[in-house]
Amino acid sequence: MLTDAACRNASCPPDKARARLADAGGLYLEVAATGSKRWFVKYRFGGKEKRLALGNYPGVSLKEAREGRDKARKTREAGTDPVQARRVERVAAQASGAQTFEAVAREFHASQAKGWSENHAKHWLRNVEKDLFPRIGAVPLGELTAPLLLEVIRRVEARGATQIAHDLRGYAGQVFKFGIATGRCAGNPAADLRGALGAHNVKHMAAILEPAQVGELMRALDTYKGQPATRAALMLSALLFQRPGNIRAMEWAEVDLEAGLWTIPAAKMKRTVHGKVNGRPHLVPLATQAVEALKDLQPLTGHGRYVFPSLLTGERCMSENTVRTALRRLGYGNGEMTPHGFRAMARMRIPLIADTHSRLIADSVPGDRGHPE
1 MLTDAACRNA SCPPDKARAR LADAGGLYLE VAATGSKRWF VKYRFGGKEK
51 RLALGNYPGV SLKEAREGRD KARKTREAGT DPVQARRVER VAAQASGAQT
101 FEAVAREFHA SQAKGWSENH AKHWLRNVEK DLFPRIGAVP LGELTAPLLL
151 EVIRRVEARG ATQIAHDLRG YAGQVFKFGI ATGRCAGNPA ADLRGALGAH
201 NVKHMAAILE PAQVGELMRA LDTYKGQPAT RAALMLSALL FQRPGNIRAM
251 EWAEVDLEAG LWTIPAAKMK RTVHGKVNGR PHLVPLATQA VEALKDLQPL
301 TGHGRYVFPS LLTGERCMSE NTVRTALRRL GYGNGEMTPH GFRAMARMRI
351 PLIADTHSRL IADSVPGDRG HPE
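Numbering (the numbering used here), first residue to last: 1 to 373.
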């Protein structure tokens, strides 16, 4: 019988590669010439001698090794090979790991990210990594409950991030739906949180809405003395009412100056994954002033991909702050007018858009979002 002292002091003779110190019931400590020590238990199963590794000493103590030996004996007496039982346990452990919220969430994200915009894919993963994984990432998906999920999301809400809290509820719901489809859970507790979170106060972008002030703004845009591409971006923001990101990413290949039409691919629109992949492009009629502005700009940027290329490199489009900075140079701060404010200005000040702005401005439209009917 071995003792703890014997295990601690055990060494391998210099003329051997390894030495074995026997305990009882087939348990022994194998000491290698390198000094490492491992526990094994030998047994017979199916007429053959086999051995089962129980771990390294001293990580696995003498007492723990004996417990492992006894467990192996009971497994063998029950008619199962202990080595095979160990393999089954490992497979089960791996399968259990694949059932956790984090594992399923990452699998869902990997399966969907290609159909999302790059920004949305990054935003989605960044938020769940920051606020969900640390608290519920290791919990099996099927064991998560609505109260537990609510507790986690309310922590986000408590720090004032109400929009992110609502986003996280939606993201968790996507993971649970994916889990249901792939057999990892039976229900969607995120759906039970509907109405449990505080109302989100939407932050509206500053916009000029009074007719006299709108006229002053348009005259100011016309007199802008900065870069020609920036001036054109300002003018098209006021004339086309599209999202700032879409205007900045406008490509010459999307513009037909003769037909007076800008065709925005579905993949660039703010839509569902299905809408991005299967939806129709968004068609934007170009007013005469818009066509003239683009024709004036074409000799300067028409040789490249983007209508409004970055001032640093033509391989990228204009940065999101360029138009905002230009507005500031004209005397309009963030609290008075923003690039997104041109859309609000159009809705409020142009009567024609009162009933049809969803189609022209590309807000929510039944089916895929923002397409023309």
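These are computed hints drawn from the structure, not numbers from a lab.
Take these hints with a grain of salt, some might be off.
What the hints assert, rightly or not - So the derived label-pair ranges between C-beta atoms look like this:
| hint | residue 1 | residue 2 | range |
| --- | --- | --- | --- |
| 1 | Gly170 | Ala259 | 36 to 42 angstroms |
| 2 | Asn119 | Glu336 | 45 to 51 angstroms |
| 3 | Ala259 | Ala199 | 40 to 46 angstroms |
| 4 | His120 | Ser319 | 16 to 22 angstroms |
Built from N, CA and C at the ideal position, the CB exists for glycine as well.
Verification of the supplied hints:
1. Gly170 <-> Ala259: 36 to 42 angstroms: Because 39 angstroms falls inside the window, the suggested range holds.
2. Asn119 <-> Glu336: 45 to 51 angstroms: For glutamate 336 against asparagine 119, whose Cβ atoms are near 26 angstroms apart, the range 45 to 51 angstroms is violated.
3. Ala259 <-> Ala199: 40 to 46 angstroms: holds, 45 angstroms
4. His120 <-> Ser319: 16 to 22 angstroms: Check passed, 19 angstroms falls within 16 to 22 angstroms.
Figure legend: structure checked against the earlier numbered hints; the only hint not met is number 2.
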